[in-house]
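Keeping their order, the protein sequence lines are chains C and R.
Read in order, the letters of the first sequence are residues 1 to 127 in the numbering used here.
Read in order, the letters of the second sequence are residues 128 to 638 in the numbering used here.
Hints are computed from structural coordinates only; laboratory data are not their basis.
Careful: at least some of the hints might be erroneous.
[Unchecked claim] Among the chain R residues that face chain C by a calculated CB cut under 7 Å, a handful are: (1) 413; (2) 415; (3) 514; (4) 516; (5) 520; (6) 522; (7) 561; (8) 604.
Source: prediction; values computed, not measured.
Don't be surprised by glycine CBs; every beta carbon is placed ideally from N, CA and C.
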Amino acid sequence: MNSTDPDKSDATTTVDLNRLQSACDGDAGVMRELVDLYFRQAGEIMAGLEQAINGNAVDDVNHLAHKLAGSSLACGMSAVVPSLRKLEEGARAGHLNGAHESMADVSAQMKVVRRHVQDYLLRYPAQ
Amino acid sequence: MKRILIIEDDLLVRSIYRRKFEISGYKVETAEEGTAALALLPEFRPDVIQVDIMLPGMDGVEVIRQIRSWPDFKLTPILVLSSFYRPDLAKEAWKAGANKCVSKMDCTPNLALDLVEQLLANENSGFMPRYGTIALARDALDVPAEGAAPPEVIPELPTPPEPPAPEKSKLRLTMDLPRSTGAAPSLPTISEEKTGPAPPEDSKPAFFGGTVPAPFKPTTRPTLGSPPPPVPVAAKPAVSEEAPPPPTPEIKPEPAAVPSGSDFRVEIRQEFLRRAPQIQGELRERVSALIKSKSTTDQLNLLRELEVCVGSLASLSGITGFSRISHLSGALDALLQDLHRKPSQMTASVLRTIAHAADCLNVLFRDLIGISQDVPQSVLILAVDDEPISRRTVAIALGKANLRCIGIEDSRMALTILKENSFDLIFLDAEMPGLNGFELCVELRKLPTNKSTPVIFVTSLTNFEIRARSSLSGGNDLIAKPFLMMELAVKALTYLLKPPTRVEAKARTAP
Numbered sequence: 001m002n003s004t005d006p007d008k009s010d011a012t013t014t015v016d017l018n019r020l021q022s023a024c025d026g027d028a029g030v031m032r033e034l035v036d037l038y039f040r041q042a043g044e045i046m047a048g049l050e051q052a053i054n055g056n057a058v059d060d061v062n063h064l065a066h067k068l069a070g071s072s073l074a075c076g077m078s079a080v081v082p083s084l085r086k087l088e089e090g091a092r093a094g095h096l097n098g099a100h101e102s103m104a105d106v107s108a109q110m111k112v113v114r115r116h117v118q119d120y121l122l123r124y125p126a127q
Numbered sequence: 128m129k130r131i132l133i134i135e136d137d138l139l140v141r142s143i144y145r146r147k148f149e150i151s152g153y154k155v156e157t158a159e160e161g162t163a164a165l166a167l168l169p170e171f172r173p174d175v176i177q178v179d180i181m182l183p184g185m186d187g188v189e190v191i192r193q194i195r196s197w198p199d200f201k202l203t204p205i206l207v208l209s210s211f212y213r214p215d216l217a218k219e220a221w222k223a224g225a226n227k228c229v230s231k232m233d234c235t236p237n238l239a240l241d242l243v244e245q246l247l248a249n250e251n252s253g254f255m256p257r258y259g260t261i262a263l264a265r266d267a268l269d270v271p272a273e274g275a276a277p278p279e280v281i282p283e284l285p286t287p288p289e290p291p292a293p294e295k296s297k298l299r300l301t302m303d304l305p306r307s308t309g310a311a312p313s314l315p316t317i318s319e320e321k322t323g324p325a326p327p328e329d330s331k332p333a334f335f336g337g338t339v340p341a342p343f344k345p346t347t348r349p350t351l352g353s354p355p356p357p358v359p360v361a362a363k364p365a366v367s368e369e370a371p372p373p374p375t376p377e378i379k380p381e382p383a384a385v386p387s388g389s390d391f392r393v394e395i396r397q398e399f400l401r402r403a404p405q406i407q408g409e410l411r412e413r414v415s416a417l418i419k420s421k422s423t424t425d426q427l428n429l430l431r432e433l434e435v436c437v438g439s440l441a442s443l444s445g446i447t448g449f450s451r452i453s454h455l456s457g458a459l460d461a462l463l464q465d466l467h468r469k470p471s472q473m474t475a476s477v478l479r480t481i482a483h484a485a486d487c488l489n490v491l492f493r494d495l496i497g498i499s500q501d502v503p504q505s506v507l508i509l510a511v512d513d514e515p516i517s518r519r520t521v522a523i524a525l526g527k528a529n530l531r532c533i534g535i536e537d538s539r540m541a542l543t544i545l546k547e548n549s550f551d552l553i554f555l556d557a558e559m560p561g562l563n564g565f566e567l568c569v570e571l572r573k574l575p576t577n578k579s580t581p582v583i584f585v586t587s588l589t590n591f592e593i594r595a596r597s598s599l600s601g602g603n604d605l606i607a608k609p610f611l612m613m614e615l616a617v618k619a620l621t622y623l624l625k626p627p628t629r630v631e632a633k634a635r636t637a638p
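My request is simple: use the sequences and hints to build the entire structure.
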């Protein structure tokens, strides 16, 4: 079966704009709503992740990394997904080796993604 | 005698409309694609035009644009048959100058006639929307003001009265599934008095006289977004070509009495029933080929063939009043069109959804007479996901099929709600804090209210372990995140429109 792994295909770009448009069916209002929702939620989850990593709470890291990776994929915020998956896989295997590095990478990529999306929204025609 | 030009690529659908308008006293010309239709205009000079939005070559929107660019046809009323599941196309049609858009999933010949007569009556009374000034007539004809929100395709027609549904739950949400047309009692039926002179024998669609039905042959469709071909100066109009395609032998139709409205409806339904096994076989074959295909090129070609086949089925089942088939095939058609535009999103999950929808269509085909064709009017859907974006995207996706859901963040709260209320469909996130999706599913299967409600897991993990846990916990299906909006809509419709098996029905009614 010629199927595509969304994790892999989406990880090649900073923001998968097709995915973002698809998530809101090209509706500018819905796109802004989803983007706001995403960054608000991402901020909360990242704060929770930092706390969970510092507290060595493996289950929480697994859950939060999985949650943010899922919403990132849904909205096309591809660049943050690989590091989140790394965190998730480690936590699922019961360890947090390299978690701080992965978390730093998530933060850095999130800034890039935010800038990219903001630029895009400025250009996206309002309907 | 009023003149109508029908632009429709499907031979059988075209024949049905031709017949309907002819027995209602119209002079009818037909064209199977836009170029031929434009070539016909100067000579035929129609009073009204009916156009299918999905046409091979030049699509319906472009045809309308071209018609409106001719000074003589700036004001000619145009009725558009569009897909309920592609409101974007209806919006484009409005912008191009259409006067009325109607969902072909619900459009019966009676409704088309009614709308055409309404358009003509409004034209005569001076209320006709004029191109460029359509806002003036929006109240009379539901035409939106320029710049207004995109109009919805109308799944109109009153439905026949339904028996009161049993009290299902304390929580009730009005659901606006596209309405089935049923036997539209309030619409004018064609009576002997109303009908005009019978058309010449040779212009009658062959199948009405008892001709052997032609093989179900999907016609070609345009690639969406492709530029329209130039209009040839001397294009030969494809008119009066309603004979079945070779190699079917043409049998001269017997002279038939002009049928009444109900006879006409019976006649076209019988024709659909005669063709059903063939359509079913084609569908099965094409889906199977798509799923087995290995290369992307093959997949794209097969996808296109399937799209044509399903689109044709949506039109044909809609016109004949088989609403469940028409809605599911219409939604599936919209999903296939999405995939056509974004082939990279053809994941294993999407292919499963397509196969599942095709299976459901086969079930609906199996007992066309026995199964109610009414589309459920009120359904209750629950979506449980701790992540707001996922809940929102599920809601948007369901909205594509005019469905709404109750979204719950907390799985324990969801369990409380599930104890009290029976749902028609449940979407569960697999990974949630507290009770995860699998645990919640195990618990809800113990509840009399939801022990047999279809449960679909929505998860970004679709490996073997997750599949096994999904099944073991009592889940019915699984959809991979991120999903295409239409994929989730098709998945939902597949469960909502499929008639329950005897075992399922028994489980639902058991105390």
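Now the hints, each set against the structure:
1. 413: At about 16 Å, which exceeds the 7 Å cut-off, the nearest Cβ of chain C leaves the hint on residue 413 of chain R violated.
2. 415: violated, 13 Å
3. 514: Hint on residue 514 of chain R: holds, closest Cβ of chain C at ~5 Å, below 7 Å.
4. 516: This hint holds: residue 516 of chain R lies near chain C, its Cβ roughly 4 Å from the closest one there, short of 7 Å.
5. 520: holds, 6 Å
6. 522: violated, 10 Å
7. 561: Since chain C brings no Cβ nearer than about 10 Å to residue 561 of chain R, farther than 7 Å, the hint is violated.
8. 604: With Cβ-Cβ at 17 Å, over 7 Å, it is violated.
Consistency note: the structure conflicts with the earlier hints numbered 1, 2, 6, 7, 8.
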